[in-house]
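K.L.:
One point on numbering: in my numbering, the residue at position 207 of the sequence shown is 279, and numbering is uninterrupted.
Hints were generated in silico from the structure; no laboratory data involved.
Quick caveat, the model's predicted, so the values are computed rather than measured.
Any given hint might turn out to be false.
[What the hints assert, rightly or not] With a cut-off of at most 20 Å between alpha-carbon atoms, the simulated SDA-like pairs for lysine to any residue come out as follows: (1) Lys385 to Asp398; (2) Lys427 to Lys604; (3) Lys488 to Met412; (4) Lys273 to Ser225; (5) Lys604 to Ser634; (6) Lys488 to Leu453; (7) Lys443 to Gly475; (8) Lys400 to Tyr202.
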Amino acid sequence: MKSKAGGNGLTSEAGGGGGGSSSSPSPPPSPRRQSGVTRCRRRLRPAKDSSESRRLVAVIMTRRSLRYFFLLPLVYISGLLMCVGPFSALIGHTPLPGSRYRSHEIFHNLWHHIETDNSSVIELASVWKYKRKLREQKPCPNLTALHREHFLSPGLNGFLIVEANGGLNQQRSAICNAVAVAGLLNAILVIPQFEFHNVWKDPSEFGDIYDEDHFISTLDGYVKVVKELPEALMERHNYNMSNITNIRVQAWSPVSYYLGVVSPILQKEGVIRIAPFANRLAMSVPPHIQFLRCLTNYKALRFSSSISALANKLVYRMIQKSSRTDGKYIAVHLRFEEDMVAFSCCVYDGGEAEKLEMDSVREKGWRGKFKRKDRIILPDLNRVEGKCPLTPLEVGMMLRGMGFDNNTSIYLASGKIYRAERYLTPLMKMFPYLYTKESLATSDELAPFMGYSSQLAALDYTVCLSSEVFVTTQGGNFPHFLMGHRRFLYDGHAKTIIPDKRKLVVLLDNLSISWRGFKDQMEDMLSESDRKGIMVPRVRKINRKTSVYTYPLPECRCLQQSLANQIDHNLDALYNYNRTKA
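Using the sequences plus the hints, can you model the full thing?
P.N.:
Quick look at the structure:
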C-alpha cells in the first residue's frame, strides 16, 4: 500500500493533470483532451491567477504532508517490530535472548558447582505435593444398566473396517476411536489394520502389539469385534479389500456426520472401510460413546504376551537398580534422534559439519520439503519459541537444578541419540545411573523386537508408565497418551515434568547466570509441573476440545472406580512376577 501511494503522488506532479501542469512544460495534449487543457490554460493566463496556482500547490503539498504524517507512525512501529522480532536475526541486530545454543558453555562454567552441590537433594517419594481435590460427582451408573440401555444388541448394522496409521500411540488413538465409531453406528468392528509407513517402517500387525483375544473379550457386550470378515462378504468383493466402499471422513467429524452420512451407507452396503483413520472422530461425543474410548484405552488394549513379558522384566530391573531411592526412578522421553533434530531445523553446536549433515538428512527423508520457496526456516526463532528438542545435557542440567542428585536412577526412552558420544556424555556425568532398554535387556531378549519401532516403543511405554517421575521433552502422541494413562492410574495426577522450554533456553543463554539462580528457576518449574499435573480442563457436555486420552477425567472416572481394586494397565504380571527369573 505504501508504494502505491507514492506512485500516485509522482503521477499527479508529472502527469499534466490538475495544478501541477502549470509549473513545468509538457508535451502537446492529445486531441481527446484538447478542450479540457485549453480551458485550464485560459484560467492560468491572467497574472492575478498566479496566487491561486500557488495556493493550489500548497494544498497538494499539505495533503501529501498529511499522508506522510499518518504513514510515519506505521513505519516507526514496523521498525520496532523488526528490531525486537524474528527479523532481527536477518538484518544483523543483537540476537534475541535464548536464540543461541550455549548450553554446553553454561555447563562448562557451572560444572564444579553442579558436581559438589548436595544442598537441596529432593527425595523421589516426596516430589509430588499437590493432591487432586475431588468435587462432588454424580454417582456412577451401574455398568450393567449402561449396557442394557445402549449396547443390548451390538453389531446389527454391518461391518466396519478401519486402517490405523502412524506410530504406536497414533495407532492407539485410531483403535479407541474405531471402537467408539462402531458403537455409534452399531456396527461389528473388524480388528483394525495397520498401515505401513515409510517413517516408522514397522510391518507389525495388531496381534503383534496387542493381545487380540483380550481385546475382543473385554469389549464383548459393548462392541462386537471379529478378526476378519465373513467368507460370504469377502467372496462378494472378490477377496479384495479395495473393492469395499471406502468413505473419506474428515478429521474430527462430529457424531451428526456419522449418523447422517456414514450410517445410511453402512446399512445399504453391509460393510464399509474408513481409511485413513487418524483423529476422524470429534472429542465431543455422548457419554456412553466416550465410555467406549475409556474402556478400550485403559482395559481392552493390553500389550501382547511377548511385549508384556520383557517389559515387566525391564520394570523390575529398573526397580532393582534404584535401590538407593527405594526402587523409584525417573523416566525421560528424549527426542534427540537424528531425524528429529533434522526435522526441527534447529541449530546446535556442531558448526558447518552439523549443517551439512542435517541438510543431507532432510533431503533424504523429506525430498525438497525444506527447500520450497514458501518455506521460511528461522532456527533462532524456533529455539526462542521452545520448538527445539532438548539435548541430553539440557535435560540433565534441568533435573540437577530441580534437586535430583547423582544417586537418582534414570530410564531413557529414546531411539538412537544423534551424536550420542558427544551429547550423552554430560548427562551420564551428571547421572551415572542411566539406563535404556538396550542396557537392561540382553541382546537375545531384544532380538525379536529389533526392526519393529512400535514394539520397541511399547517397551519404553511400559517402563515409563511405572516410573515415579516422567519427563517429557518434545510433545507428541507418546507423552500425551502416557500422561493420560498416569492420570488414570495415579488418582488424577500425571506425575510428569513438562519443561517450560521458552524460559529454559533464555536461562541457558545467559553466560553470567549463577548455579543458585538457575536452581531457583528450576525449582519453580518443578512446582509448576506439580500444580499442572492435577489440573482438569473444564469439560462441557457439548464441547470437549481437549483430548480425552491426555485428560481422561472426569469422563473415565466411572471406569477408574470400577477398576480401583484390579486396574489393568499392562503391568498385571509385574506384581506376580517370579523375581528369581528376572
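K.L.:
None of the hints should be skipped; say for each whether it holds.
P.N.:
Status of each hint after checking the structure:
1. Lys385 to Asp398: 18 Å, holds
2. Lys427 to Lys604: Judged against 20 Å, a Cα distance of about 37 Å means the pair is violated.
3. Lys488 to Met412: Judged against 20 Å, a Cα distance of about 11 Å means the pair holds.
4. Lys273 to Ser225: 39 Å, violated
5. Lys604 to Ser634: 26 Å, violated
6. Lys488 to Leu453: 26 Å, violated
7. Lys443 to Gly475: 43 Å, violated
8. Lys400 to Tyr202: 19 Å, holds
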